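Novice: Letter by letter, the chains look like this.
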Amino acid sequence: MPLTVEMVSTTQKVWAGEASTVVLRTLDGEIGILPGHSPLLAILGDGPVLVRATDGSEVTARVNGGFVTVDSDNVIILGEEVTTSS
Amino acid sequence: MGAQLRVYRRRIRSVNATKKITRAMELIASSRIVKAQQQVAASQPYADALYRAVSLAASNARGDHPLLSKPERPKRAAVLVVTADRGLAGAYSANVLREAERLSELLVAEQGIEVSYYVVGRKGVGYFKFRGVDIAHSWTGFSDRPTYEDAKRVAETLLEAFLKPDSQGGVDEIQIVFTRFKNRVSQTPVVLRIVPLAIEEEVVAAGAPITTARPHRPVLPLYDFEPSADRVLDALLPRYIEYLVYSSLLSAAASEHAARQRAMKAATENAEELIRALTRQANQARQAEITQEISEIVGGADALVAVTQGS
Chain A
1 MPLTVEMVST
11 TQKVWAGEAS
21 TVVLRTLDGE
31 IGILPGHSPL
41 LAILGDGPVL
51 VRATDGSEVT
61 ARVNGGFVTV
71 DSDNVIILGE
81 EVTTSS
Chain B
87 MGAQLRVYRR
97 RIRSVNATKK
107 ITRAMELIAS
117 SRIVKAQQQV
127 AASQPYADAL
137 YRAVSLAASN
147 ARGDHPLLSK
157 PERPKRAAVL
167 VVTADRGLAG
177 AYSANVLREA
187 ERLSELLVAE
197 QGIEVSYYVV
207 GRKGVGYFKF
217 RGVDIAHSWT
227 GFSDRPTYED
237 AKRVAETLLE
247 AFLKPDSQGG
257 VDEIQIVFTR
267 FKNRVSQTPV
277 VLRIVPLAIE
287 EEVVAAGAPI
297 TTARPHRPVL
307 PLYDFEPSAD
317 RVLDALLPRY
327 IEYLVYSSLL
337 SAAASEHAAR
347 QRAMKAATEN
357 AEELIRALTR
367 QANQARQAEI
377 TQEISEIVGG
387 ADALVAVTQG
397 S
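For the record, the sequence lines run as chains A and B.
This note's numbering applies: residue 1 is where the first sequence begins, and numbers increase by one.
This note's numbering applies: residue 87 is where the second sequence begins, and numbers increase by one.
Careful, some of the hints might be misleading.
[As the list claims (entries may be wrong)] Distance condition first, Cα-Cα at most 25 Å in a straight line; then the derived SDA-like pairs of lysine to any residue:
1. 13/A to 351/B
2. 13/A to 192/B
3. 13/A to 230/B
4. 238/B to 1/A
5. 121/B to 12/A
6. 13/A to 250/B
7. 13/A to 118/B
8. 161/B to 65/A
9. 351/B to 173/B
10. 121/B to 47/A
11. 13/A to 215/B
12. 238/B to 72/A
13. 13/A to 117/B
14. 13/A to 173/B
15. 238/B to 37/A
16. 238/B to 84/A
17. 238/B to 34/A
18. 121/B to 20/A
19. 13/A to 135/B
20. 13/A to 120/B
21. 215/B to 192/B
22. 250/B to 15/A
Read the hints as simulated data drawn from the structure, not as lab findings.
As the structure is a computational prediction, the values presented were derived from the model and not from experiment.
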């Protein structure tokens with residue numbers, strides 16, 4: 001079962017979709033999130049967020065002042081500013 | 087053309103020009119309401135996710151966070167008053183200011199709390215300056231279309247005041263007075279206390295037996311916090327307060343446009359009424375002129391007839 005990923009900024013929902021992997025950097029270091037990940041609430045550190053969507057495409061996002069929550073394969077990345085490039 | 091008629095025509099022209107302006111302002115305001123509403127809707131996903139994260143972290147954090155705990159004896163409160171930069175919006179700013187006065191009266195008289203004012207919008211600044219009331223900080227220029235950056239600036243100043251010790255003018259409470267946009271016809275000034283925050287701890291306590299959980303809501307599992315629940319909460323709460331300020335500014339902006347639209351609609355209608363009355367008066371003046379001209383001609387002809395018959 002894939003991950004359901006949402007990236008939201010203060011002004012809009014930036015990206016939403018299904019993904020197989022999310023790689024991001026928290027304050028403690030880089031982590032990869034796969035389906036079945038244990039529930040997590042973390043502060044994002046400096047560094048891009050990489051989302052590998054199930055359709056094969058990859059989305060890289062820069063998140064400013066962000067957080068990530070993971071809960072039963074729902075990944076929500078929220079930031080003041082989120083800019084994506086695929 | 088008679089002098090009287092000319093005066094009426096001139097007034098009709100001038101009222102017509104004013105009507106065009108008020109009509110345009112009405113249309114602009116009405117389109118901006120929609121824009122402000124869309125902005126509110128666009129920030130909703132962020133609000134939901136943020137609120138969830140905050141309540142999660144709050145229920146798992148060990149220490150009592152200063153932004154969440156009520157001080158035993160609050161001494162001073164910051165009151166953020168959100169008014170408009172421009173007038174021509176009916177009683178919009180006046181209503182907010184009246185609510186702010188009511189709140190500060192309540193704080194001062196009943197709880198003995200000093201009030202320091204933080205003001206958004208030129209109308210509010212003018213109001214307090216005229217009455218010689220000190221303003222701790224003011225912001226102008228974005229009341230009709232606030233951005234997140236504006237809200238952030240406001241929130242940062244407020245939080246700074248909160249973190250300062252009492253002796254240096256620090257505050258123990260932060261309240262916002264703004265106009266809540268219910269719909270296009272109804273907006274009411276409201277008071278929102280943002281610090282100390284009231285967060286509903288909706289997460290089931292760790293290790294609670296499953297039977298105590300409400301049946302419709304799945305039991306939330308134990309979360310991992312990185313670096314720790316307290317640190318996450320520390321980082322989340324300022325964001326949440328920024329968001330609260332942002333959403334109040336947006337709601338106030340939508341209300342301002344709605345108030346302006348109504349005021350301008352009334353002005354346009356009044357102009358139409360005035361034009362109708364003036365047109366009638368002008369027609370009357372024109373008729374009177376014609377009648378007079380006819381009677382002059384008839385009088386002249388009569389005199390001629392009398393002269394020729396007499397000779």
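Novice: Run every hint past the structure and note whether it holds.
Specialist: Here's how the hints hold up against the structure:
About 35 Å separates the Cα atoms of residue 13/A and residue 351/B, which puts this hinted pair outside 25 Å; it is violated. For the hint linking residue 13/A to residue 192/B, the alpha-carbon distance of about 41 Å lies beyond 25 Å, and the restraint is violated. Under the criterion of a C-alpha separation no larger than 25 Å, the hint pairing residue 13/A with residue 230/B is consistent with the structure, at around 23 Å. Taken as a hint, the residue 238/B and residue 1/A pair is broken in the structure, with Cα atoms around 39 Å apart against an allowance of 25 Å.
With a C-alpha separation of about 14 Å, the suggested pairing of residue 121/B with residue 12/A holds against the 25 Å cut-off. A threshold of 25 Å between alpha carbons decides the hint, and for residue 13/A with residue 250/B the separation of about 36 Å lies outside it, so the pair is violated. Of the pairs offered as hints, the one joining residue 13/A and residue 118/B holds, with about 21 Å between alpha carbons and a cut-off of 25 Å not exceeded. Restraint check: the Cα-Cα separation between residue 161/B and residue 65/A comes to about 33 Å, which exceeds 25 Å; the hinted pair is violated.
The hinted pair formed by residue 351/B and residue 173/B meets the criterion: a straight-line CA distance of about 15 Å does not exceed 25 Å. Taken as a hint, the residue 121/B and residue 47/A pair is broken in the structure, with Cα atoms around 33 Å apart against an allowance of 25 Å. Pair hint residue 13/A plus residue 215/B does not hold up; C-alpha atoms about 41 Å apart against a cutoff of 25 Å. Restraint check for residue 238/B and residue 72/A: not satisfied, since their Cα atoms lie roughly 32 Å apart, outside the 25 Å limit.
Between residue 13/A and residue 117/B the alpha-carbon distance is near 23 Å, which keeps this suggested pair within the 25 Å criterion. For the proposed pair residue 13/A and residue 173/B, the alpha carbon gap of about 34 Å is over 25 Å, so the pair is violated. As the CA atoms of residue 238/B and residue 37/A are separated by approximately 33 Å, the hinted pair breaks the 25 Å bound. Simply put, residue 238/B and residue 84/A have alpha-carbon atoms about 22 Å apart, close enough for the 25 Å limit, and the pair holds.
Under the criterion of a C-alpha separation no larger than 25 Å, the hint pairing residue 238/B with residue 34/A is inconsistent with the structure, at around 34 Å. For the suggested pair residue 121/B and residue 20/A, the alpha carbons sit about 36 Å apart, so the restraint of at most 25 Å is broken. Between the alpha carbons of residue 13/A and residue 135/B the distance comes to roughly 11 Å, so the proposed pair stays at or under 25 Å and holds. The suggested pairing of residue 13/A with residue 120/B holds, with an alpha-carbon distance near 19 Å, which does not exceed 25 Å.
Simply put, residue 215/B and residue 192/B have alpha-carbon atoms about 21 Å apart, close enough for the 25 Å limit, and the pair holds. Between residue 250/B and residue 15/A the alpha-carbon distance is near 39 Å, which puts this suggested pair outside the 25 Å criterion.
In this structure, the hints that do not hold are numbers 1, 2, 4, 6, 8, 10, 11, 12, 14, 15, 17, 18, 22, in rising order.
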